[in-house]
Amino acid sequence: MIILNGQAVETPVGLTLAGLLKERKLPAAELIVELNGAILEKRSGFDAVELRDQDRLNLFRIVTGG
Amino acid sequence: MSNNINLYLSDRERTLLDACTVGIAGAGGLGSNCAAHLVRAGVRRLVIADFDVVMPGNLNRQFFFADQIGRKKINALRDNLLRIEPELELTLCDTKITSENAGSVFAGCGIVVEAFDHGREKMLLIETMLAAGKTVVAASGLAGWGRSGKIALREAAGGRLYLVGDLDRAAGDGRNLFPASPRVGIAAAIEANTVIALILGEEP
Numbered sequence: 062m063i064i065l066n067g068q069a070v071e072t073p074v075g076l077t078l079a080g081l082l083k084e085r086k087l088p089a090a091e092l093i094v095e096l097n098g099a100i101l102e103k104r105s106g107f108d109a110v111e112l113r114d115q116d117r118l119n120l121f122r123i124v125t126g127g
Numbered sequence: 061m062s063n064n065i066n067l068y069l070s071d072r073e074r075t076l077l078d079a080c081t082v083g084i085a086g087a088g089g090l091g092s093n094c095a096a097h098l099v100r101a102g103v104r105r106l107v108i109a110d111f112d113v114v115m116p117g118n119l120n121r122q123f124f125f126a127d128q129i130g131r132k133k134i135n136a137l138r139d140n141l142l143r144i145e146p147e148l149e150l151t152l153c154d155t156k157i158t159s160e161n162a163g164s165v166f167a168g169c170g171i172v173v174e175a176f177d178h179g180r181e182k183m184l185l186i187e188t189m190l191a192a193g194k195t196v197v198a199a200s201g202l203a204g205w206g207r208s209g210k211i212a213l214r215e216a217a218g219g220r221l222y223l224v225g226d227l228d229r230a231a232g233d234g235r236n237l238f239p240a241s242p243r244v245g246i247a248a249a250i251e252a253n254t255v256i257a258l259i260l261g262e263e264p
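Here the protein sequences line up with chains S and Y, keeping their order.
Under this note's numbering, think of the first position of the first sequence as 62, with each following residue one higher.
Under this note's numbering, think of the first position of the second sequence as 61, with each following residue one higher.
Everything labelled a hint here was simulated from the structure, so no lab data went into it.
Where is the CB? At the ideal position from N, CA and C, for every residue including glycine.
Do not take every clue at face value.
Calculated from the model, a selection of chain S residues having no Cβ within reach of chain Y, i.e. all distances over 12 Å [unchecked claim]:
id	residue
1	K83
2	L92
3	R113
4	Q115
5	N119
Chain Y stretches covered by chain S per the calculated footprint, using a threshold of three residues with CB under 8 Å from any CB of chain S [claimed, not checked]:
id	region
6	97–109
7	145–154
8	211–218
9	229–237
10	252–262
Assemble the whole structure, with the sequences as input and the hints as a guide.
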């Protein structure tokens, strides 16, 4: 189980961040991703980020308008 | 001439505000209105970057006037801000901000306000400025009307990133939404309010 944007969400063991975004149809290019208080750099790639039990994940969508 | 802004500030607040230079990336709907709020709140030193000119379509939300159409936004904004407070130190950058130049343009700023229009440019600035060690106050999701209560302030990166908006209502994404004065103004005011709180050590 992870805490996604403040809500408890059941996730399968071994699910990667890239997998979660794909499952929820969220475009990584539009997201600021904060995992356990730290902003993740996109360059490192989200395939390698395996989500662990109790991880606090916040996804902030950055959209056009200003 | 001492202006009326100082009537509302303690010596401590005046000192804290004078010690700070705030960066504003973009002088459009968010940036022009945020800058006006910051100046009225007592910020005197700003670095403002924008390469655009005032267009007729900007006047639905941006802090410019009909007789300023065709002028560089940074110059028109400078004039408007100086009409509020003549004693400002403004650094104007007539340049498109990129990941290559953002660090040097905002080198003297502890806090940078993201005030762009396009999502990709917002993302680029947020990532570049966080990597440069800045505190970033950004906005996302402010197009359309109503839903005032959905415009929230979110804190991330241990207080290094603040995001204003509903993170959803995008301009030009097929829902026929466009950025209009009320919601853009709310977001710009929250950006400014957050900057002031950070400078004064208040709760953002």
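Each hint tested on the structure:
| no. | hint | result |
| --- | --- | --- |
| 1 | K83 | holds (19 Å) |
| 2 | L92 | violated (9 Å) |
| 3 | R113 | holds (20 Å) |
| 4 | Q115 | holds (18 Å) |
| 5 | N119 | violated (6 Å) |
| 6 | 97–109 | violated (count 0) |
| 7 | 145–154 | violated (count 0) |
| 8 | 211–218 | holds (count 4) |
| 9 | 229–237 | holds (count 6) |
| 10 | 252–262 | violated (count 0) |
The structure fails to meet hints 2, 5, 6, 7, 10 from the earlier list, while all remaining hints are met.
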